[in-house]
Amino acid sequence: MAAPVRRLCHIAFHVPAGLPLARDLQRLFGFQPLAVREADGWRQLALRSGDAVFLVNEGAGPGEPLYGLDPHHGIPSATNLCFDVADAGAAARGLAALGCSVPVPPVSVRDEQGTATYAVVSSPAGNLSLTLLERTGFGGPFLPGFSPVPSTPGPGWFSHVDHLTLACNPSSSPKLLHWFHDCLGFHHLPLSPGEDPELGLEVAAGSGLGGLRLTALQGPVGSAVPTLVLAESLPRATSGQDQVEQFLARNRGPGLQHVGLYTPSIKEATEGVAGAGGQLLTPPKAYYQQPGKEEQILAAGQEPNLLARQGVLLDGDRGKFLLQVFTKSLFAEDTFFLELIQRQGATGFGQGNIRALWQSVQEQAARVQEACKGPKLDAAGCPGALESSAWSLLELRDIHGGLE
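Okay, so the sequence shown: first residue is 1 according to the UniProt record's numbering, each after it adds one.
Do not take every clue at face value.
Taking lysine to aspartate or glutamate and the DMTMM-like style, the derived pairs with C-alpha atoms no more than 20 Å apart in a straight line are [said to hold, decoys possible]: (1) Lys175 x Glu268; (2) Lys328 x Glu268; (3) Lys320 x Glu333; (4) Lys328 x Glu198; (5) Lys175 x Glu198.
Hints are computed from structural coordinates only; laboratory data are not their basis.
Please put together the full structure from these sequences, using the hints given.
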């Protein structure tokens, strides 16, 4: 491996001036301002919740934003992952020797708190770039060049980044897996026994209905890097687009589809986000009416009515459970979103939720169709039809697979 990564430092977003992403992260999700920099046409604000740090790069300067790369993408999105490495210069040279593009060669930034050296590497995952950061000995709250922002303690709904999911082009996962392995030291994390790394885990929604191919990657041994999940659509006989395909179209290519934020209490986090005005996706009622679902929820020590009211998905067995809630997109383009996740012993990603949601959507759609029979009724005139339509592809959006 050319540049073994040691931990995730931050996730960077690029948005046009005036887009309220930074405000929404504070007001809706409890992130607190950490440090700010305003120079050369850019306003860069770092926000934190626990160990999860988001860097919002707002504007468009003549040069590159500090510690990143202007993607010139035109679509607001999460465009950069910043990883800690032992030697940024050596990492950049090693990646260049493998044929990687290094649009920002190693540069050092110094202030009164110390020095950091970084380089930016292009990735094969669409508009996503990777920053390799070396900041040994730096004593400031964020990075050299940034000024601290006084803030009060936040609600602490999220402790760290649990996983990162990339929406990928069909059949591209093997190439991406090899790139992240050879370049950054990631290795395959099986989501099912005997899983072939080249094939990943196929979670089929039903005959001819498509589904997801999921390939999970862990960081180098001893690192503190979130799991990286590659998601691509399976072929299907039906028309239209699933949510992975919609992301690829709306994002104008592959990219970071969502970030899973770990919460020690999904009940508290969901209530807090919803109470602050955050928009969460609500599963169809049929999901909670699946045979055995109530018993499964009770076995996890949860209250079925409460989970249904909050829109929490639950998967697992044998004392290991996973609880998930999904936000609506943070951008008008309906691309990037967040996942709230709590683990009760489970180390995977809840593959049962894909099939269960798909089945519940089909059942609800059948009930809606029966209730709305008539020559002049359409979705807008049928109660529940719009909800069913909105959820008909949600399970392909993320709720990804495999409890270990």
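Do the hints match the structure? See the list:
The suggested pairing of lysine 175 with glutamate 268 is violated, with an alpha-carbon distance near 40 Å, which exceeds 20 Å. For the hint linking lysine 328 to glutamate 268, the alpha-carbon distance of about 18 Å falls within 20 Å, and the restraint holds. Under the criterion of a C-alpha separation no larger than 20 Å, the hint pairing lysine 320 with glutamate 333 is inconsistent with the structure, at around 36 Å. With a C-alpha separation of about 31 Å, the suggested pairing of lysine 328 with glutamate 198 is violated against the 20 Å cut-off.
As the CA atoms of lysine 175 and glutamate 198 are separated by approximately 9 Å, the hinted pair is consistent with the 20 Å bound.
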